Amino acid sequence: MNAETDQTIATVGELLAHALELELESAERYRELADAMQVHNNPDVASLFHRLASYGDAHAREVKQRAAGLELPTIAPWDFKWTCPDAPESACVEDTHYLMNRCQALQLALHNENRGQLFYAGVAGSAPDPDVRFIAAEMAAEEEQHVAMLQEWLARERCRAEEPPEDLDPPNVSE
Amino acid sequence: MNSDSSSARSLSVAITGSGGSGAVTAGLILLEAAARAGCYGLLTRSSGPQIRGGESAAMVRFGVQPLGCMGDRFDLLVGLDWLNVNRFADEIPLDGEGVILFDPGVGAVPPALAGSGARQLPLPLREQAAAIGGGRLNMVALGAVGAICGLPREALAAGVERVLADKGGGVLEASLACVAAGYALAPEPLAALPAPAGGTGGRWNIGGNEACGVGALRGGVRFVAAYPITPASEMLEWLAPRLEQVGGSLLQAEDELASVNMIIGASFGGVPSLTATSGPGLSLMLEGLGLAVASETPAVVVNVMRGGPSTGIPTKSEQSDLNIALHGMHGDAPHLVLAPLSIRDCVFTTQWAVELAEHLQTVALVLSDQSLGQSRVITEAPARTPAPLARRVEQEPEEGYRRYALTADGVSPMTLPGVPGGIYTADGLEHNERGTPSSQAADHQAQLDKRLRKLEGFDYGPAWAELHGAGALAIVTWGSTAGAVLEAAGRLEAGGTPVRVIALRLLAPLRRAALAEALAGAERVWVVEQNHGAQLFRYLHAGQALPAGARSLARPGPLPLRPGEIVAAVTATA
Amino acid sequence: MNSDSSSARSLSVAITGSGGSGAVTAGLILLEAAARAGCYGLLTRSSGPQIRGGESAAMVRFGVQPLGCMGDRFDLLVGLDWLNVNRFADEIPLDGEGVILFDPGVGAVPPALAGSGARQLPLPLREQAAAIGGGRLNMVALGAVGAICGLPREALAAGVERVLADKGGGVLEASLACVAAGYALAPEPLAALPAPAGGTGGRWNIGGNEACGVGALRGGVRFVAAYPITPASEMLEWLAPRLEQVGGSLLQAEDELASVNMIIGASFGGVPSLTATSGPGLSLMLEGLGLAVASETPAVVVNVMRGGPSTGIPTKSEQSDLNIALHGMHGDAPHLVLAPLSIRDCVFTTQWAVELAEHLQTVALVLSDQSLGQSRVITEAPARTPAPLARRVEQEPEEGYRRYALTADGVSPMTLPGVPGGIYTADGLEHNERGTPSSQAADHQAQLDKRLRKLEGFDYGPAWAELHGAGALAIVTWGSTAGAVLEAAGRLEAGGTPVRVIALRLLAPLRRAALAEALAGAERVWVVEQNHGAQLFRYLHAGQALPAGARSLARPGPLPLRPGEIVAAVTATA
Amino acid sequence: MMTVAALRAKDYKSDIKPVWCPGCGDFAVLSALTKALAHLGLPKERAALISGIGCSSRLPAYINAYGFHGVHGRALAAASGLKAARPDLTVLAVGGDGDGFSIGGNHFLHACRRNMDMTYIVMDNEVYGMTKGQASPTTGPDWMDSKMTPHGPGVRRFQPAAIALAAGAGFIARGFSGDPSGLTRILASAIEYPGFAFVQVLSPCPTFRPDHRDWKEQVHALAAEPTGNAVEAARILQADDGMTTGILYAEELPVWQPRNQASASIVEIEEEFRL
Amino acid sequence: MMTVAALRAKDYKSDIKPVWCPGCGDFAVLSALTKALAHLGLPKERAALISGIGCSSRLPAYINAYGFHGVHGRALAAASGLKAARPDLTVLAVGGDGDGFSIGGNHFLHACRRNMDMTYIVMDNEVYGMTKGQASPTTGPDWMDSKMTPHGPGVRRFQPAAIALAAGAGFIARGFSGDPSGLTRILASAIEYPGFAFVQVLSPCPTFRPDHRDWKEQVHALAAEPTGNAVEAARILQADDGMTTGILYAEELPVWQPRNQASASIVEIEEEFRL
Ligand SMILES: Cc1ncc(C[n+]2csc(CCOP(=O)(O)OP(=O)(O)O)c2C)c(N)n1
Ligand SMILES: Cc1ncc(C[n+]2csc(CCOP(=O)(O)OP(=O)(O)O)c2C)c(N)n1
Ligand code: SF4
Ligand code: SF4
Ligand SMILES: [Mg+2]
Ligand SMILES: [Mg+2]
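Here the protein sequences come in this chain order: A, B, C, D and E. Residue numbering for the first sequence follows our numbering, beginning at 1 and increasing consecutively. Residue numbering for the second sequence follows our numbering, beginning at 1 and increasing consecutively. Residue numbering for the third sequence follows our numbering, beginning at 1 and increasing consecutively. Residue numbering for the fourth sequence follows our numbering, beginning at 1 and increasing consecutively. Residue numbering for the fifth sequence follows our numbering, beginning at 1 and increasing consecutively.
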């Protein structure tokens, strides 16, 4: 997947709209994953995703503060300018499994944050407007911190490959 | 912890855990191990609403006598984890005599369970599992359970080998090691069953849905058309490859309207045919079944009942489809309704249903349910019944052959496509003896009489019910509930109250005279069933087959009727 | 020829003829003419298996009192021709008192009719018809019948004008001329009814299917989805344009699975909805109806019964769908079953069914039948009933609104799409009070209890049955058969035997206490119905609502139960 | 070569007299079908005709072959079951446009996909004859002669041929009861076709659709040879006016028939349960 | 122009947690649908979601709008009744491939013909998820992972788009749960389309069809602009590989909605019976 912008982001408003969407979307998606893990009795991973969701919330608040006074453009969900299928920071659902462990969850988050970082870095490198480039660079740096933080967490996690991947029990049937 | 107080000495173990914990697998192994140790046994399971990875519970009961139901209480609860375990609190009654086995690392026993007063037995299961490459907590727990219940080590190993035979990747080896570690971990056996008499000789380990499949094959079914539905799908999945092996086939239809009409078409062609479904599917089949009744085309439906009405509670058992089975077709459409009385009896009852449907050229509905279909039992191999009743086929029809001839016994000889001189058109319109549509009163009356006569006049022999005992207290029941009723009767008798049990296998046509005879002299009559509307009780009254003072114990699912509940009900008013 | 011996003084005339002879048209005019002459009346019809152009018979009975059934015998048979007339021999009982009117040119009276000993009255009908441009034999015969029955000339003319109003091309004029010619042709009136008291004031000439349509509109139905089927189609054909006139609509669906789910969808949207069908269609609707019960979505089905099982005898009446109506859904699915007791009562019963279904948020099945639906009656205009029971709709739901709240009367307040704050998802899965799927025993029990409670606990008032008389002999009946039973009762009473009649309009939930009260003191109880399986008799026993010695008179269609047959049955064993 | 056929059409007619209205198109279908059967020389007891409910569905009783007059809309299901269980028989499903395309639409779709070796003949009169003239799926949107749809059904016609193709049928033809020879030829080809052969027969109902007298002028034979290219057929059928007669598409496709080869005894199968 | 959207997707999410397996494609459909609804700014109480039975059919309860979780295969029927009676509502029918194309196939055909103003979303995972992984109509003939069809279904796949076109649908689109933005756009267009809008969503079931991880590589967007020419569309869809995403066909067609204009009172109507 490629996190480059496929079109240029022209204005600060546009950039902030993207940033806001990105953070809200990411929070929402992590929360959804947390719920799914809760429902599937994986409380460890659920709480991790909850935590990630709350970071998204916090970042969204920051972006809103930054945007105070600015009018952000309304952008249709499909008009956001990233070429990866969805907002860069939102997790890829199909990579999740109810038996996933914290390591796998962190790897998934890391992947997303990386994509987020690449997105901002891309804008910082290519936007025609210097203000846009400046803010994007700032955000890219911020994302880099997140990446670093996740890497640190991951290191702390004693990731073991031998965690049983298979559910020997048959699936449930209903309805 | 002590063994069950009932006449059937047994132990009841529940293993619970959330997705991936392997509770069900452990339960399956425990059942097999107990069987290999010479016990009879029963396994039921329960799970959350999630498709995959939800919480589940395997409930295993084993003992020295055949078991027809779960007990009133559990001797041992094994918590592989405590996530969402509350869901099962109702299903796993614990008391002060019980034991809760768990790894303290998964957290304290939740209050709902701890409140039972059961003794807590924390063991370092996780640690042991971690010490083994690919080790799993459930297998360590299983080993401990085996030791606690006094099962031989080898039986456990054999159980693991059988259940995990197909798993590759060292799963088998790791599991065996875990079981051994768990076995070593446990304290002295807390309970042990007396050494069972006799070997495990011809016994089977079989689920109810499979047992219906076996009955179908034995009865001669060679064509099945069906649409998947819980909890009947396993029957179809079992049958599909096996039908092929015996020269038949299974067709997955687009819906139940198709499946029922497909089996009618196949049966018209002379091939004994069956479909399996559950309530919503049965609803859709009624028009087709009415056609089978009117056109006198044999057809068998195994309806594996689940909680109703509508989509209801698809994963849980209930006996609430009796009404629709008896009365769900429009017009006067007499037909057969049967219900297996145990998992083992699924074989006989399904086979008998097929043979009766074939012989009487009618519809037979078999009312199994989720508690039979999705449970497993260790049982004596079902006896093979001799001399099947066959379809009365006219191979060389005489000139002027009449498909719907009025015969004394009501069965009109049938020809099959391919037979020269036997050409006729089967019809769901009322018809005369030749099959030509008719709206004349005389034809209608004659064919209605005939279709009733062939069912009412047939000699069904003693299989219409299982009869037990001879007390002044009589309990009438049907289908899967028979197991709990029989166990309740055993307890009552052990307590000095003789009881007679009449467990109905043939529900329609109602064998009124035989029932009257079986009830003769009974002073108190109870009718026990698992539904809200007292459907059997009302049906028996409809047939004026119950004394005025008869009482009803009817309770809906999803919880199974338990022997103790039945004992309490029938003695409360003694 | 003499008029009926029953208390309701009446004349019965049958007009038969093959395709194109105009027997039914003549019958319709005769009915209208009799009505204009101040009589009450009833018309039924019968026909051969051909789609068009087959033999048919119009049977008209008229008299000075309201008529609820055909009589035991016919006073007059008019044979427009004799082709295939034997088909109707069973349906048109003749005796030595009867008269057969015919044109000798169509041939001699066939032995099956002549054998009755009825007086033969040949008249030159054909000759007269031929003399008039566009003249038809049936109209000449009609004129003669009018004269023979003592109907005023003007009444006949008015009848012709009304029934043939839409016909162009001189048909009306030619018909009037023929009727006049026939009138002149006839001998002195052979019979005449006493001048009826009172005018024709508010009376209606209406068919049962239309009457159900009127009831539906009065009850508030504004959406109908349906699939054509005999004998219910006329109701739909009547409703389609009229629904539109009152701001509603009718949707012709692709099948009955669609139609029932469509009305459920519409009803979920808050619009009272109905479908009409007959046995085969009802079979297909059961799954949907179970959904309506479980999701507590009001839905009304008028099932116009015909001969069963399967396709059966589509054009003839039978009361054999009681079983399926009561018990056809899987699971425990309590709902309402009602049956109109006459054509006129189709209006009230259908309206009541709609109101009850709406109010109790459940399914109401209305069991009409072919003998009501496809017959016409002259009757007092059905009274308009005040203050309809409405649906309990929550317009301003409180925070935390619970769609399936457990209420004392069992009716949970409902919101409709569009209402802010009332959002919920209706579900056929068992659910908790909010509507969230649940497989917990407590939720299942609570919702099952609630769905039963709302039906059982409701005060249905006196309309549950029509009660008549107070004898020691009690006859319980239901639906269309009530007419014959009431006439039988009249005769018995005239003969000195007091009879009480209990004609059940509300079949489910069974008003057991009210029935017990109505039966109190009865020494002999008969249950009369038109089916093979004694379905009502068994149902009443199921509810322990009949004394032990109760007797059953149950006979299948296609022939209607006649008063004399009922009198004979209940007195034979007196 | 020149021999007199052993079996004549009338050998395939039963002694039951049709209840159809004189003039009904279904008479021609009956006649064409018996001719096709005679032409193919099929032993009559080896053919089975399965139908639903409707005027047209009465046909099996009029043919001297095994018949099943089932319930409305389920002819194809019953026929599929019969064919699965008795592959040795020649199975024909027959019925009307209401039976096949309204209530039976789902089985039509799935029978096309499943491609079992049978023939399906729909006598399409664009109306429900049996129930006295309501609109069927093939009725035009503006037909206002039914009181159930007083403004006309208002809905696009059901296109049997195009749907059959999209659903996967391999033999799609349209005949006209007013062209009995053409129809006989189509029916014979359909019965011979190895797979699911669908034949829509324009078979007018003079009683409820007297307007269909026009059909005689409207039908026109397919100009080209039938195509075996599904993409090309899709184009043709989507553009078709519904009155083109002939074999519209024919292509051999894999036939589905269950593999029922005995390989084990029940006792052997039961071994799996033994401890 | 420049304001923060009033309603966000999450306002359309209910507080009930899905029972779906983590990784299920249906999560993406839920999310895309809530985004589309938010984008269109539909008041949530004016939308109604109707479904049948299946994993995918659980969706209505997860959306903060009125919902009806009905019986298997009948979502379109219930939705049609609702729309006929309540034209003021935005009606969406949702469900799975089994629900819509197997048991519900007939309603699919007739809903396409009827062209009422509603949206039908089928989450196609080529399997019966809810009942543990049997073949559905869209399952490939050689898929052998279900014990009910041990040799694979052996039957040509059901082609939802081609059938919808032949049946008369005016808006036909295919989305992919792995392309949430594209899907959101399609769903918004579908809801806005005046008439019956059919959206097939490739929505993988990782539990029973882990092989569908490949879909990411296989889907490809429609190269051209969507056509409004049905004949052209027939050609395209018949040749299509089933993995083309986008709006495949869109054309405005007459919408069917009953004419319910009050013009008489019941008392007036009853006059016809008076002598
Ligand atoms: C379940 C069911 N619904 C409705 C009917 C009533 N019905 C009988 S035939 C028919 C339609 C017949 O139309 P078609 O199939 O076109 O046959 P045709 O009479 O036109 O030949 C209908 C609706 C029925 N018999 N069964
Ligand atoms: C009448 C009826 N038949 C069968 C079923 C069982 N059933 C429930 S869901 C389902 C299939 C679901 O498949 P699909 O619609 O593709 O949904 P998915 O679970 O894959 O999302 C079946 C067969 C039922 N509930 N009702
Ligand atoms: S009504 Fe029409 S279809 Fe039926 S038999 Fe008569 S002409 Fe034929
Ligand atoms: S079984 Fe498949 S379709 Fe169902 S929730 Fe799980 S992943 Fe989704
Ligand atoms: Mg037709
Ligand atoms: Mg699916």
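Please note that the accuracy of each hint is not assured.
With a cut-off of at most 20 Å between alpha-carbon atoms, the simulated EDC-like pairs for lysine to aspartate or glutamate come out as follows [as the list claims (entries may be wrong)]:
no.: 1; chain 1: E; residue 1: K44; chain 2: C; residue 2: E398
no.: 2; chain 1: E; residue 1: K13; chain 2: C; residue 2: D443
no.: 3; chain 1: E; residue 1: K13; chain 2: A; residue 2: D57
no.: 4; chain 1: B; residue 1: K167; chain 2: D; residue 2: E272
no.: 5; chain 1: D; residue 1: K44; chain 2: B; residue 2: E394
no.: 6; chain 1: A; residue 1: K64; chain 2: A; residue 2: D131
no.: 7; chain 1: E; residue 1: K10; chain 2: E; residue 2: E45
no.: 8; chain 1: E; residue 1: K10; chain 2: A; residue 2: D79
no.: 9; chain 1: E; residue 1: K216; chain 2: E; residue 2: D240
no.: 10; chain 1: D; residue 1: K147; chain 2: E; residue 2: E271
no.: 11; chain 1: D; residue 1: K147; chain 2: E; residue 2: E272
no.: 12; chain 1: C; residue 1: K167; chain 2: D; residue 2: D145
no.: 13; chain 1: B; residue 1: K167; chain 2: A; residue 2: D167
no.: 14; chain 1: E; residue 1: K147; chain 2: E; residue 2: D211
no.: 15; chain 1: D; residue 1: K132; chain 2: D; residue 2: D241
no.: 16; chain 1: D; residue 1: K17; chain 2: B; residue 2: D443
no.: 17; chain 1: E; residue 1: K10; chain 2: A; residue 2: D44
no.: 18; chain 1: B; residue 1: K167; chain 2: E; residue 2: D117
no.: 19; chain 1: E; residue 1: K44; chain 2: C; residue 2: E394
no.: 20; chain 1: D; residue 1: K147; chain 2: C; residue 2: E399
no.: 21; chain 1: A; residue 1: K81; chain 2: A; residue 2: E138
no.: 22; chain 1: E; residue 1: K17; chain 2: C; residue 2: D443
no.: 23; chain 1: E; residue 1: K44; chain 2: C; residue 2: E399
no.: 24; chain 1: D; residue 1: K216; chain 2: D; residue 2: E272
no.: 25; chain 1: E; residue 1: K147; chain 2: B; residue 2: D166
no.: 26; chain 1: A; residue 1: K64; chain 2: E; residue 2: D145
no.: 27; chain 1: D; residue 1: K17; chain 2: B; residue 2: E433
no.: 28; chain 1: E; residue 1: K13; chain 2: E; residue 2: E45
no.: 29; chain 1: D; residue 1: K44; chain 2: B; residue 2: E399
no.: 30; chain 1: B; residue 1: K167; chain 2: A; residue 2: E166
no.: 31; chain 1: D; residue 1: K44; chain 2: B; residue 2: D443
no.: 32; chain 1: E; residue 1: K44; chain 2: C; residue 2: E396
no.: 33; chain 1: E; residue 1: K17; chain 2: A; residue 2: D44
no.: 34; chain 1: E; residue 1: K17; chain 2: C; residue 2: E433
no.: 35; chain 1: E; residue 1: K216; chain 2: A; residue 2: D44
Derived by calculation from the structure, the hints in this document are not laboratory data. Just so you know, these numbers come straight off a predicted model, no measurement behind them.
Against the structure, the hints come out as follows:
Between K44 of chain E and E398 of chain C the alpha-carbon distance is near 17 Å, which keeps this suggested pair within the 20 Å criterion. Our distance criterion of 20 Å between C-alpha atoms is broken by K13 of chain E and D443 of chain C, whose separation comes to about 25 Å. Under the criterion of a C-alpha separation no larger than 20 Å, the hint pairing K13 of chain E with D57 of chain A is consistent with the structure, at around 17 Å. As the CA atoms of K167 of chain B and E272 of chain D are separated by approximately 17 Å, the hinted pair is consistent with the 20 Å bound.
Pair hint K44 of chain D plus E394 of chain B holds up; C-alpha atoms about 17 Å apart against a cutoff of 20 Å. For the suggested pair K64 of chain A and D131 of chain A, the alpha carbons sit about 17 Å apart, so the restraint of at most 20 Å is met. Distance hint between K10 of chain E and E45 of chain E is fulfilled; the C-alpha atoms sit about 15 Å from each other, no more than 20 Å. Distance restraint check for K10 of chain E and D79 of chain A: the Cα-Cα separation of roughly 19 Å lies within the 20 Å cut-off, and the hinted pair is therefore satisfied.
For a cut-off of 20 Å, the pair hint linking K216 of chain E to D240 of chain E stands: about 17 Å separates their Cα positions. For the suggested pair K147 of chain D and E271 of chain E, the alpha carbons sit about 19 Å apart, so the restraint of at most 20 Å is met. With a C-alpha separation of about 16 Å, the suggested pairing of K147 of chain D with E272 of chain E holds against the 20 Å cut-off. For the given pair, K167 of chain C sits about 16 Å from D145 of chain D by alpha-carbon distance, which is consistent with the 20 Å threshold.
Our distance criterion of 20 Å between C-alpha atoms is met by K167 of chain B and D167 of chain A, whose separation comes to about 11 Å. Taking the CA atoms of K147 of chain E and D211 of chain E, the gap is near 17 Å; set against the 20 Å cutoff, the hint holds. Proximity of K132 of chain D to D241 of chain D is assessed by CA-CA distance (about 26 Å); at most 20 Å being required, the pair is judged violated. Using a Cα cut-off of 20 Å, the hinted pair K17 of chain D and D443 of chain B holds, with the two alpha carbons roughly 19 Å apart.
The hinted pair formed by K10 of chain E and D44 of chain A fails the criterion: a straight-line CA distance of about 24 Å is larger than 20 Å. Straight-line distance between C-alpha atoms of K167 of chain B and D117 of chain E comes to about 52 Å, which puts the hinted pair past the 20 Å bound. A C-alpha spacing of about 17 Å is found between K44 of chain E and E394 of chain C, which places the hinted pair at or below 20 Å, so the restraint holds. For the hint pairing K147 of chain D with E399 of chain C, the CA-to-CA distance comes to about 47 Å; that exceeds 20 Å, so the pair is violated.
Restraint check for K81 of chain A and E138 of chain A: satisfied, since their Cα atoms lie roughly 19 Å apart, inside the 20 Å limit. As the CA atoms of K17 of chain E and D443 of chain C are separated by approximately 19 Å, the hinted pair is consistent with the 20 Å bound. Distance check on the hinted pair: K44 of chain E and E399 of chain C sit about 16 Å apart at the alpha-carbon level, within 20 Å; holds. Using a Cα cut-off of 20 Å, the hinted pair K216 of chain D and E272 of chain D is violated, with the two alpha carbons roughly 66 Å apart.
Of the supplied pair hints, the one linking K147 of chain E and D166 of chain B holds, its CA atoms being roughly 16 Å apart against a limit of 20 Å. Proposed proximity of K64 of chain A and D145 of chain E is contradicted: the alpha carbons are some 50 Å apart, above 20 Å. Taking the CA atoms of K17 of chain D and E433 of chain B, the gap is near 17 Å; set against the 20 Å cutoff, the hint holds. Proposed proximity of K13 of chain E and E45 of chain E is supported: the alpha carbons are some 12 Å apart, at most 20 Å.
Taken as a hint, the K44 of chain D and E399 of chain B pair is honoured in the structure, with Cα atoms around 16 Å apart against an allowance of 20 Å. Between K167 of chain B and E166 of chain A the CA atoms are separated by roughly 10 Å; this keeps the pair inside 20 Å, and the hint holds. Using a Cα cut-off of 20 Å, the hinted pair K44 of chain D and D443 of chain B is violated, with the two alpha carbons roughly 28 Å apart. At roughly 16 Å between alpha-carbon atoms, K44 of chain E and E396 of chain C fall within 20 Å of each other, so this suggested pair holds.
Note on K17 of chain E and D44 of chain A: the hinted pairing holds, with a Cα-Cα distance of about 17 Å set against a maximum of 20 Å. At roughly 17 Å between alpha-carbon atoms, K17 of chain E and E433 of chain C fall within 20 Å of each other, so this suggested pair holds. Straight-line distance between C-alpha atoms of K216 of chain E and D44 of chain A comes to about 29 Å, which puts the hinted pair past the 20 Å bound.
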